[in-house]
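Participant: One-letter residues, chain by chain:
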Amino acid sequence: MILLVMLIIPTLVAFGFMLANKRRIAFKEFLIQIGVQTFLIFLFSLFIGWQNTHDVEVWNGRITAKKTFHVSCEHSYQCNCYTTCSGGRNGSCTTHCSTCYEHWYDVDWEAYTSNGETIDIDRIDRQGIYEPPRWTAIQIGEPTALPHSFTNYVKAAPNSLFRKTGLVEQYRDQIPRYPGNVYDYYHVNRFVAVNLKLPEQFKREFNQKLEDLNATLGRAKQVNIIVVMVTGMPEDYYYALEQSWIGGKKNDFIIVMNVNDIYKPTWVKAMAWSSNKMAEVVVADKLMQLDVSKGFSIDSVLDIAKDGIGKNFVRQPMNDYQYLSKEITPTLGQWIFFIIVGLIVSIGLGIFFLQNDFY
Amino acid sequence: MTTLAKVLLGLLVVFGLFFGISVSSVISINNSLVTQEAGLTAQYKQNQNNYDNFIKKVVEVAQVPSMMRDDLEKVTKAAIQGRYGEKGSQAVFQFIKEQNPTVSSEVYTKIQQVIDSGRTSFESEQKMLLDKKRVYEVSLNSFPTSFVAKFLGFPKIDLSNIDIVTSDRTDKAFEKKKDEPIQLR
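Heads up: the sequence lines are chains A and B, in that order.
Counting from 1, position 68 in the first sequence corresponds to residue 68 in the numbering used here; the numbering is continuous, with no gaps.
Counting from 1, position 10 in the second sequence corresponds to residue 10 in the numbering used here; the numbering is continuous, with no gaps.
Next comes chain A alone, as it looks inside the complex (with noise of 0.2 Å):
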């Protein structure tokens, strides 16, 4: 129906234009007009739904393998030019080259993970003679976190009732951007502190041992932990961060924990797509009952998160949510801008062909 409605502005106007200018638009341009425009929809449809949906997960691995070997060399340039001219004073010439390489062959250098991905190392010389230090420093086992796509249809879906409303707004201030950034080639940090003032020592040994917990659990549970610590919270900034996360990604085991001047939780609360409940409730309660009377541990914040998931989490198919995908519409900003490049298209092609005589 939506291609319906997008059809109507274009196909007026290439008919006014055959109208008005009947004896020089002809009537197969006026079809080629109607053809390129129902061309142009599709890909907008397609694009709308692509875009709507279009989102990006993480997930967890190890090295299993690391090599290197010889390919075509990428760098080529012109060589062998020469020039010929033809028809005489007011001939023209033309320049004629080959194609030529700077090397006979290129080295590349790769690392593979237990998920099936390929990390492709930077050369450090133009053709990748020398071992780039990076690729010397990987070893086998490292826990790897590497972006892949996936279709979410709960992001299209903003009036679905997964889709909180209301409390972002609220907590602004504190609400963390998604930690979803790539580092270092297969490095994530999945360790959020909010309103807490911890040591960088601190932070970095937690998003290591998370890696690699993530490592652990990653490919047999489908998972990716990410634990946000915070303090002086109520337990509605768990919703708020729920809404603007959208509920994490498909594959996320989210841990929200509130702690006091001590670290000692004073509510934890899990998300995640899950089937099965139980990994959320279980971690959130052994982590209430976290003992740091001896300072706080993250080694045993992490071994109940490892027991609890390992045990415990079923990952959702995104696929139970596909009912969503009628809800995909465009929204107002798309429909103005396909508008526009219709009525641009549609405009153009009328000059074009007023200009240029085809039939």
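Hints should not be assumed to be uniformly reliable.
To be verified - List of simulated lysine-lysine pairs, DSS-like, C-alpha gap at most 27 Å:
hint: 1; chain 1: A; residue 1: 326; chain 2: B; residue 2: 133
hint: 2; chain 1: B; residue 1: 77; chain 2: B; residue 2: 150
hint: 3; chain 1: B; residue 1: 45; chain 2: A; residue 2: 326
Quick caveat, the hints were computed from the structure, so don't treat them as lab data.
Starting from the known structure of chain A, fit chain B onto it as the hints suggest.
Facilitator: For chain B alone, kept in the frame of chain A given last:
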């Protein structure tokens, strides 16, 4: 080609195009509504299945004498329907303790976790049922799908039967616009 012929042919192409798209839209709407109705019915049955499994699981974990199982099921059903509020699992503990005073604290913890996760999971399933119903009703009532849906005879299922499980207490509270204090037993 004369101007009149051009205009007629142009109109024919435009109408042909719109007719083609309209026919394919009607087919697509029909198929979409059929799929949505099937999804609603399946989700309704899934909710019943989830509800049944949850109660069985609580009874299994609770380790009460077999003659007390029916009573425990009743208390658990009330807990899952939110009749005892947020801390509904305490009513179930109280019942179990009366039947089996020697029950261990590990069993209590396990029951509490089963009830909490079961309630959350059931709530999520109920939410999905309501969400599917919402999407279907939007499809049925939005322009121009509503005309096609009416013409094709949708809805073909009784939508009033597709509803969530609540408790008498909730119904009463919404009817009177007033709630009473929560009492565990």
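Participant: Hint by hint, note whether the structure agrees.
Facilitator: Against the structure, the hints come out as follows:
1. A:326 to B:133: Holds, at about 12 Å.
2. B:77 to B:150: violated, 39 Å
3. B:45 to A:326: Holds: residue 45 of chain B and residue 326 of chain A sit about 22 Å apart, inside 27 Å.
Comparing the model with each numbered hint stated earlier shows that hint 2 is the single one that does not hold.
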